[in-house]
Amino acid sequence: MKHEPNISNEEVELIHKAQQGDQRAFTELVKKYESTIYSFAFKVCRDEEKASETMQDTFINVFRKLKQYKGDAQFSTWLYQIVTNNCLMKRRKNKLDRHSVSLGLPDDSSSDSQSEEILQPIHTIPLQITPQDEVVNNELRERLDQAILKLPMEQRIVFILRDVEGRSSEETAKILKISVAAAKSRLRRARMVLQEQLREYVTP
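Start counting at 1 in the sequence shown, then tack on 1367, and there's your number in this note's numbering.
What the hints contain is simulated information worked out from the structure, not anything from laboratory work.
Keeping only pairs whose Cα atoms sit at most 20 Å apart, straight-line, the calculated SDA-like set for lysine to any residue is:
1) Lys1544 - Met1520
2) Lys1434 - Gly1388
3) Lys1410 - Val1531
4) Lys1398 - Gln1387
Computed from a predicted model, the values in this text were never measured in an experiment.
Whenever a hint applies, use it, and build me the whole structure from the sequences.
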């Protein structure tokens, strides 16, 4: 296994031992990443039970596929690929796509160099502050959660990876195994839908 950048020698050794069948090392990996995986899964589905199921499915897949990890990407990126696949499969299984909002645009935007910059990230949009700001912010969070759940899963995951998790366009594309241009296009469309849904909360 390659020694990838941004990973400690201790973690490299832990992964190597787990790949060799060391159960204690694998347990340590689970402990290290379970909160990260659960948090991401919950952000995607907004349901504790589904998030727990996704986390369990993810680590079952990790256990089965760990020897396939070659160190040519960050281990966290490899984990995100697995949990994202599980989220998508669960979505298809439950046939929830009929509730999705779609703008009917192709994944690959001809203006990919500008697609990410057209709209601001939702979390950086200035909010109208009122004396009842706490109530407004609580209502905004609820509306944002509802709006995110209406996004097609492919757009939702890109939005969460980029604007919530703070992942780069390049890593997001690698996680989803799509082009950077497609990742930017999906993010642009997700921001368009969410800003429309939250229009009353943003300043002109």
